[in-house]
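Residue numbers (UniProt numbering), protein chains in the order written: chain A, 1 to 212; chain B, 1 to 517.
Among the hints, a few may not be true.
Beta-carbon label-pair distances, calculated as ranges [unchecked claim]:
#1 B/K459 / A/E186: 28 to 34 Å
#2 B/H131 / A/E134: 52 to 58 Å
#3 B/S327 / A/S150: 55 to 61 Å
#4 A/E120 / B/W446: 53 to 59 Å
#5 B/K459 / A/L136: 38 to 44 Å
#6 A/G192 / B/Q319: 55 to 61 Å
#7 A/N190 / B/Q44: 44 to 50 Å
Here are the computed lysine-lysine pairs in the DSS-like style, where the Cα-Cα straight-line distance is at most 27 Å [stated by the list, open to error]:
#8 B/K61 / A/K159
#9 A/K159 / B/K59
#10 A/K162 / B/K41
#11 A/K141 / A/K184
#12 B/K110 / B/K417
#13 B/K110 / A/K162
#14 A/K162 / B/K459
#15 A/K162 / B/K59
Every beta carbon over 12 Å from chain B, so not counted as near; a handful from chain A, in silico [unchecked claim]:
#16 P100
#17 K106
#18 K126
#19 Q151
#20 L201
Hint data in this document are derived by calculation from the structure and do not stem from the laboratory. As the structure is a computational prediction, the values presented were derived from the model and not from experiment. We put the beta carbon where it would ideally sit given N, CA and C, even for glycine.
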Amino acid sequence: MPTTRRSTRSSTGAGKQSTLSFKHKVTKAIKTGKEGYKSPSRAKEYIPEPTPEPTSKKLEKEEDEDEDEDEQTPATTDDDDEHDVQVQTKKQQQQQRQQPAAAAEKISDRAIERYWSEIEAGRNAKAVHKKHGEGLTTGEKVLRYFDVSSQYGPCIGMKRIKRWQRAQRLGLNPPVEVLAVLLKEEAAGNKGIETAHMDELLNSAAVGSVGV
Amino acid sequence: MVTLDEVVDTSLLQKPSGEALDLLERSESNYTPLHSFALPKDRQYQQQFADIYFLRLTKIKPAVEAVASAAWAETILAGETATKVDRVLDVRQGQLCWVVGTVYMDMPLKPSVLEDVVKDRWISAPTTSDHYYAESGSESCSLEDDSGRIRLVGNVLRDYFLVTGCIIGVMGTENASGDFEVIDLKFADLPPQPERWSLSKPAPKGSARKPKIKEEDVEMADVSSSSSQPSKKIAIVSGLEFSGTDTSYAMELNLLLEFLLGEALDPAAQSELSQISRLIIAGNSIARPSDHDPAAAADKPHNKKYGYDSSSYNPIPSQLLDTFLSSLLPSIPITLLPGALDPANTSYPQQPIHSAMFPQARTYTSTPGVPTAPSPSSSSSSETPGWLDPVTNPWEGEVEGWRVLGTGGQNLDDICKYVDSEDKLGMMEAMCRWRCSAPTAPDTLWSYPFQDDEPFVMKECPHLYFVGSQTEFGTKIIEGSQGQMVRLVLVPSFAATKEIVLIDTETLDVSKVKFTA
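Please work from the sequences and hints to get the whole structure.
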């Protein structure tokens, strides 16, 4: 058989075999904003600003991701694109802050999943007790993480949505994904997520406690 | 027989001269109360108090961080630069760093709910001691935030007043025993101060009322070139303590009434009095009910009434207060703050005394408008306050353009229990520099569990800060780094000292008037 001839077409011409894309692999450590000690519940601060996907660049990335073979890789935003994206998205963020609820509606489930995987990627220790988290949806995991983030205040005695709004009012910049999850669950009529899980546990314990 | 015509025009008798007497009019009061401390009527008590500490720390922390980083950013000690540490538990041994957090004072004599729970079976009557500090060094000072608590040691701590709940920034390092050795301490310092007349507008100068003043009064008034009228005054009194049983100061109370109405003294003094545009009663208007004598107590076991024994109610004190107010009100507007002894709720912030307590003076209060509860976040109150304005304790408002913050005395008295010092003005100054008017709430000062907004944090610096029901009069001016100036006034309790305080509204000078029968 004659040897197959390689034509001089470029390898990325239309209809060629798909190339591996290295754009979304984890090649660099997550940026830490401060030197020194990274406290676990503050990991939020090191995650690049979460935004909805308003710009075309992000949309392109979405398509690339779809074509990717493996869709499970935690996607970190590229450094090259980030600067441009940040400049554009800062304006959107300002608008976003003014209508956080409106912006939260636009956040897709994909964005929430991506946010959660960024948090998990930031953890140094292995996830040993995965079996406890198996029954929980990502949304519930995001909410529980928000509960134990003590920089937004104590989670007990307050509805999650009110706690988010209080944190927003005080200028603490709570992640908008949490509001997205809360609004989605509220729209779905799920009353169980109103209060923090810890709150439910403690209240039930109080009812059953024996007075000395 | 002597006729009238012969006697008239001699030194004995004179006919009425027929000239019109000058009528003195009281200066108008320019008044805008702020409802910062009003609580909604349908408030819940289910929440915990931790939210108060979180809100306080979140609000004051940026200011402390700014002051601290300005002071310590370049500090090099033994070759090491001080670094900022995010959380209290992030300090490391041997590393020079600074951190911001809330102070917690652990004192053995402080009433502790945890100890009460431990001794649940048998709780002895709670011994109320006058002060929480002990002579020995058994108390400890720690710094706390949402991550944890660390003990503070160091001689620097003794130079400052520290009570539970104030937000400080400390620089130092952790020593071998796990305590944080403090080298330097910083507070948030005074908050930004609004300009005079930021909420209300001054009355136009040279208004319709002609100044009817005699010449002698010009030297008494402050000579401000812009106004032709002498400056107005605000009268502050506290601790009137109307009582059904204790009449030792009843004569002075009557003199006070005549003084404020202008019935006493001569016309020259009366024209000075006409400048008093407003009276602020800063708490404790009704005396503590005294113990019944033992003879009456012996009769009690005869009829055991379950629940509230209404025969023990003595209506005299509130009737006396009502009469006092209603005779004063046609002439002068009054702002009434409740105090520790008054019929208002016991926890801070005390809500206004209900108008039902004043059947006669009630007609001078503003008509209740829309029945919705006033919320602290509403931009403006739609109803203008009446001449009798029962307000909250603590209270914030604008009088004659000056921002005034006043309390009935519970916050200062509670701070005194923590600190081994008599310097009450120093403690008031410390409260302003901590930016918190009641730092010990909710630890030892009972308070409402705020969840959304904590009103004790001073967002704006007042021009005048007064505290009522104190043992003696005192005043001081403190200054801030941005040019703020605050006049601090300790208002003495009238029942004990028979003194009231007059404040000049142009210069914020303070004078004291003492009544002796």
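Range first: 52 to 58 Å. Now tell me if the beta carbons of B/H131 and A/E134 are that far apart. holds, 57 Å
Hint says 53 to 59 Å; check whether the CB-CB distance for A/E120 and B/W446 agrees. 44 Å Cβ-Cβ, so the 53 to 59 Å window is violated.
Within 28 to 34 Å: is that where the Cβ-Cβ distance between B/K459 and A/E186 falls? holds, 33 Å
What's the verdict on A/K162 and B/K41, does the C-alpha distance respect the 27 Å limit or exceed it? Given pair A/K162, B/K41 holds - Cα atoms ~20 Å apart, limit 27 Å.
Chain B versus A/K106 - minimum CB to CB distance exceeding 12 Å, so not interface: holds, 27 Å
Hint says 38 to 44 Å; check whether the CB-CB distance for B/K459 and A/L136 agrees. holds, 41 Å
27 Å Cα cutoff - pair B/K110, A/K162: violated, 34 Å
Pair hint outcome, B/K61 versus A/K159 [Cα-Cα no greater than 27 Å]: Roughly 25 Å between the alpha carbons, so the hint for B/K61 and A/K159 holds.
Would you mind confirming whether the straight-line C-alpha gap from A/K162 to B/K59 stays at or under 27 Å? holds, 18 Å
Please work out if A/K159 and B/K59 have their alpha carbons no farther apart than 27 Å. holds, 21 Å
If we take the beta carbon of A/L201, is the closest beta carbon in chain B still more than 12 Å away? Its Cβ never comes within 12 Å of chain B, the nearest being 15 Å, so this holds.
Taking the CB of A/N190 and the CB of B/Q44, does the distance hold inside 44 to 50 Å? violated, 24 Å
Hints 4, 7, 13, 19 from the list above are not met by this structure, while the remaining hints are.
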